[in-house]
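Enquirer: The primary structure of each chain is shown beneath.
Number of protein chains: 2
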Amino acid sequence: MTKPPKQLTMITDLGESKLIERLTKDFEIHHKTTTLSIGDDAAVIDFDSDCSVISTDLLIDGIHFNLDYTHLKQLGYKSVIVNISDIYAMNAIPKYILVSIAVSNRFSVESLEQLYQGIQLACKNYHIELIGGDTSSNHRGLQISITAIGSSKKEKIVKRSGASKGDLLVVSGDLGAACLGLLVLERENQRISKNANYQPKFEPYRYFVGRQIKPEASKSTVQILEENDIVPTSMIDISDGLSTELSHLSQASNVGFKILENKIPVHSNLIEFSSEFKLNYLDLVFNGGEDYELLFTIKQKDLPIIASIPTLSVIGGTVHHGNKNLLIKEDGTELEIKPSGWDGFKDLTKSHIQTHHDDESTNES
Amino acid sequence: MTKPPKQLTMITDLGESKLIERLTKDFEIHHKTTTLSIGDDAAVIDFDSDCSVISTDLLIDGIHFNLDYTHLKQLGYKSVIVNISDIYAMNAIPKYILVSIAVSNRFSVESLEQLYQGIQLACKNYHIELIGGDTSSNHRGLQISITAIGSSKKEKIVKRSGASKGDLLVVSGDLGAACLGLLVLERENQRISKNANYQPKFEPYRYFVGRQIKPEASKSTVQILEENDIVPTSMIDISDGLSTELSHLSQASNVGFKILENKIPVHSNLIEFSSEFKLNYLDLVFNGGEDYELLFTIKQKDLPIIASIPTLSVIGGTVHHGNKNLLIKEDGTELEIKPSGWDGFKDLTKSHIQTHHDDESTNES
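Chains A and B are the protein sequences, given in the same order. Taking the numbering used here, the leading residue of the first sequence gets 1, the next gets one more, and so forth. Taking the numbering used here, the leading residue of the second sequence gets 1001, the next gets one more, and so forth.
Do not rely on the hints blindly, as some may be mistaken.
[Claimed, not checked] If you want the ones that stay clear, here's a sample from chain A, every Cβ over 10 Å from chain B, calculated:
id	residue
1	His-31
2	Tyr-69
3	Ser-108
4	Ile-157
5	Glu-188
6	Glu-216
7	Lys-219
8	Asp-302
9	Val-314
10	Glu-330
[What the hints assert, rightly or not] Taking beta-carbon pairs under 8 Å as the criterion, some of the chain A residues facing chain B (in silico):
id	residue
11	Leu-36
12	Ala-43
13	Asp-57
14	Ile-87
15	Leu-98
16	Ser-137
17	Asn-138
18	Lys-159
[What the hints assert, rightly or not] Here are the in silico distance ranges between beta carbons for each label pair:
id	chain 1	residue 1	chain 2	residue 2	range
19	B	Ser-1193	A	Thr-34	47 to 53 Å
20	A	Ser-193	B	Arg-1022	45 to 51 Å
21	A	Lys-153	B	Glu-1203	57 to 63 Å
22	B	Leu-1067	A	Glu-261	47 to 53 Å
23	B	Asp-1068	A	Asn-269	51 to 57 Å
24	A	Arg-187	B	Tyr-1207	56 to 62 Å
Bear in mind the hints are in silico, worked out from the structure with no lab data behind them. Given the structure is predicted, the values throughout are model-derived calculations rather than measurements. In this text, a Cβ means the ideal position worked out from N, Cα and C, and glycines have one as well.
The task is simple: from the sequences and hints, build the whole structure.
Expert: Okay, here's the thing in structure tokens:
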């Protein structure tokens, strides 16, 4: 990030109060539960008899996003999505966010306005209010911390721990696309840094790049469940790859899962494009992450309705008590799925699907 | 921060899930309103008919704290205090926190455990539960983001905007001490960096240094108000210095204040020690910040009770409609108090109390 030209406003010219005022002036209040919003020591919400559902996430440049190719408006949008996805994963409706940013003084006020335009667009699309936050200078780069607050009737809350034997495993949307988008962005970015005249090629990958830079949370899934009066037995959002999320459900519920490879929903070009990166598409599905789809279990009685919904795929089910999760290939081969999705503290270069050599769980299918 | 010796555990050795598990294993659940705590996509709280009161803060090394002389346990403690002080400032009771940290891989797990020990101690002392958070690596240093959630009956919530003409202005504790503590810490730290054999002198300043490194939130004030069935007309916590907080109350309530200099509660050594730094003690009171005392207005009918409480001081009152705030010196001189407390984006080296040359507001006293 170079120092902005003179016509841009430096953060130091405004000061914290005026900066917050300018960044948040166009945000709207939607909810009758909002008792007090931005401008006091704290925000006040009155959910009456509903539960509050609360989640928080950090996003840090160079770790969670790359400012070389991430537009600040898209980043603002995505920051909100990442967070509210956790609220949907509880079968709750996100209503509020608090946004804190720590930012180098080299960012202009105008660039931060773009960030907040993205946040505002997500608020608009998902009917969410910005009710607070904090703003600080930082030595370098940009860090975003978002807390999302949703609400739900207590009896509708879905935890990770409710799956039991015989339940079916369902996933929304398609998997692996956001990770492929990231690979494309990184490849094109490297090519540009080697050759300033290089024209990046995004056209055939548009869908995948879009899933990476402007993801959506699976609001529609929660709406479908509500409309059909289905409460999943367990649920999680797929932020770190299917292998990790599956292991979370598995451990919390103390069940094992079998997934049928040919039932996993993927975009028709995923297999072909994965091979460009010398990857099996399953690497992207299991270890990619950032899909922000919902992974959940249902009772078998709910299968007819779920199976009739085009955006949902039944990909397997619980098969035995225990935490071992298996992938069944088309030829009947069973592979053990190891939990090894994204970890902010580790480099992920290895493949995490290993051939299953243990006979124990094949007996329990 | 140097690379820790071999016997310490590196964050990368543990990975994110195990790190969170280790840092949060000793935290307790206190509240019957806790429906779901750490370990799922989001936490769930059921406040029933009470309102949720929510605030968030960022703390960044080199900006909000200096790791040269800040012990991580004290930092953890202070991070919680800073946040829950905002909840008390709404006349609410803090109940929950979510803690996110972004940290360089050079921090050991053991040093982060110290940070969390401080967080845990604050949780214990203030009867608060840790219900969530996020953990990420970062390029350098340490950033802490805390969201605090409290509850209150709707009719007990106190905003900044409720003060009206004739109300009295009250402050808890004493002011300016934390800033003096910071000056001492910075001075001694500079002396050490110039001379490694230098023995820092903290003894006469123990109280002031303590207010800086291990502040407390004014829980007792909120309890006193509750016990005496007094609801302030407006309230704010003093995080950025009296001048800024006064201006917030003044602008939100559209009233002006007069403060009597000789009523401002300060520690008996503040004036003497301020002069060591060639500062007037009023600079520390008005522009210092980090006192985390409560500043509030009451109806005159509540004066007898408030005046009888040793930890509270009536320092002035509202005098006219408008936003001009005056300091009345013992000799009757009036000085206008300009709002210029701490701003994360600006260097603060100037004094912010200016002699008042405008006759307008003196007519309205």
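Enquirer: Which earlier hints turn out false for this structure, listed by number in ascending order?
Expert: Per hint list: 4 and 20 violated.
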